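Visitor: The task is simple: from the sequences and hints, build the whole structure.
Those protein sequences? They're chains G and W, same order as listed.
Take any residue in the first sequence, note its place counting from 1, add 7, and you have its number in our numbering.
Take any residue in the second sequence, note its place counting from 1, add 1183, and you have its number in our numbering.
Since the hints were derived computationally from the structure, they do not count as laboratory data.
All values derive from a computational prediction rather than experimental measurement.
To spell it out: a stretch of chain W is covered by chain G in this simulated footprint if at least three of its residues, at any positions, have a beta carbon under 8 Å from a beta carbon of chain G; those stretches are: (1) 1229-1243; (2) 1246-1260; (3) 1312-1319.
Restraint-style ranges between C-beta atoms, simulated for each label pair: (4) G:G29 <-> W:G1263: 41 to 51 Å; (5) G:E49 <-> W:L1215: 25 to 35 Å; (6) W:C1320 <-> G:L243: 51 to 61 Å.
EDC-like mimics (lysine to aspartate or glutamate), calculated; alpha carbons at most 20 Å apart, straight line: (7) G:K46 <-> W:D1204; (8) G:K47 <-> W:E1202; (9) G:K278 <-> G:D267; (10) G:K62 <-> W:E1252; (11) W:K1186 <-> W:E1202; (12) G:K93 <-> G:E70; (13) W:K1186 <-> W:E1255; (14) G:K47 <-> W:E1226; (15) W:K1196 <-> W:E1252; (16) G:K62 <-> G:E170; (17) W:K1195 <-> W:D1209; (18) G:K46 <-> W:E1202; (19) W:K1186 <-> G:D53; (20) G:K62 <-> G:E20; (21) G:K137 <-> G:D155; (22) G:K47 <-> W:E1228; (23) G:K46 <-> W:E1213; (24) W:K1185 <-> G:D53; (25) W:K1300 <-> G:E87; (26) W:K1185 <-> W:D1209; (27) G:K279 <-> G:D267; (28) G:K46 <-> W:D1209; (29) W:K1310 <-> G:E87; (30) G:K279 <-> G:E250; (31) G:K16 <-> W:E1252; (32) G:K47 <-> W:D1209; (33) G:K46 <-> W:E1226; (34) W:K1331 <-> W:E1308; (35) G:K47 <-> W:D1204; (36) G:K46 <-> W:E1228; (37) W:K1336 <-> W:E1266; (38) W:K1196 <-> W:D1209.
Ideal Cβ placement from N, Cα and C applies to all residues, glycine included.
Each chain is listed here by its residues.
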Amino acid sequence: MYRAYYRPKSVAEALALLQEGGGRARVLAGGTDLMLQLKKGELSCDAVVDISGVKDLRYIREEGGRLYIGALSTHTDLAESALLEKEAPLLAAAARSVGSLQIRNVGTVGGNVVNAQPAADTAVPLMALKAVATIVSPAGVRQVFLDDLYRPEGGVKLDPTCELLTEFSFVSPRAAGAGAAFGRVARRRALALPVFNTAVLLVPGAGRAFLTEARIVMGPVARLPLRARQGERVLLEQGAGEEIFLQAAAAASLEAAPRDSVFRGSARYRKKLARVIVYRTLLQAWENACSRVD
Amino acid sequence: MKKQLTFVLNGKKISVEAEADTLLLDLLRETLGLTGTKRGCGEGECGACTVLVNGETVNSCIYPAWKAEHSELLTVEGLGDRENPHPLQEAFLEQGAVQCGFCTPGMLVSAYGLLQKTPTPGTEEIKSALAGNLCRCTGYKKIIAAVKAASLKISQP
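Guide: Take a look at the structure:
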């Protein structure tokens, strides 16, 4: 499959090895996607740079109301994090829904985003939470909103042959007094890709009379995790409430552009599903926002 | 590119040569002759190839052998043998949790990983821990019963 395997101990060493590879070396973290792609011949490379031994890229911490998640944190790390369960339980729930325990133990949150599957369960809540990704390349460090990380045609604006995603950070919805939730439908309760998933963020204004921020992200209904901007507009203009959530969910489902899929169901079914699940998820998020002790 | 890999396998420190792109499953089965670990789907779906790396279950069919360097590995051979079976192995036999047997090594390793962390798991915890191990014969009921029986055997000998 490949001729060389490196296990750098630092980000600098990893970048140097990638540069040496001259575009024929690829980053491997958990490898749960990459190894499959290499085995099947969907991708090829001469060298693998396994970054799982890089120190200090595996952490989940909070500082001043902001959460910082090292890109090498595994799905199990996220699923079992007491801090995440308290500050942003939707992300822990999303991580729990990924694959099997064997996959969650190895697959990383950085890889889940970089591999850019439109239904990536952790990417959908991270985008809803307005997460910023830190990307390190030979040219320096840059920070990119997840919104801006995806290419419209699919994939991320990151070159796995010379760059590394090192961290995600976002404002803790708990600290911001916001409500957030994750919704998902799959063919089974375990070991099944999502037929539809969504994450929403609602930031109430004074007296909860209006919303200062509303975000709805859906997958897999486009080539990337999709912001439902019309649905969000309904919420920003009208506020919160069951009737408004119904309208917002209907608008969101019009924006969803799923394909007919043998595995995931017909496009028509999934658009209907989008309306129901976005509605329920908005209700859940609002309940979470209102249950906070002010 | 070849390398001499050192790790602890089933409690013994060993050193073995492997090519850069060798998968852990192939190293165990082909190079080391430990054929208890099975090759099922080869895509990280079925769990027949499950082994423990530093106490965590992984699918060895998509796990690079070099990634396991300096780790502690446990395969089904490390649980017990005919003369000294592990309580899990005994319980699988007593409960009839084995039919064709192909998924059994992976089931045992996943169950062992669970019991190391949760000595007396409930049904949902067992189901969750074994969700990545597919069995096409038994319907899982007896497997779950066996894990429960083993956990009782270990916690209340």
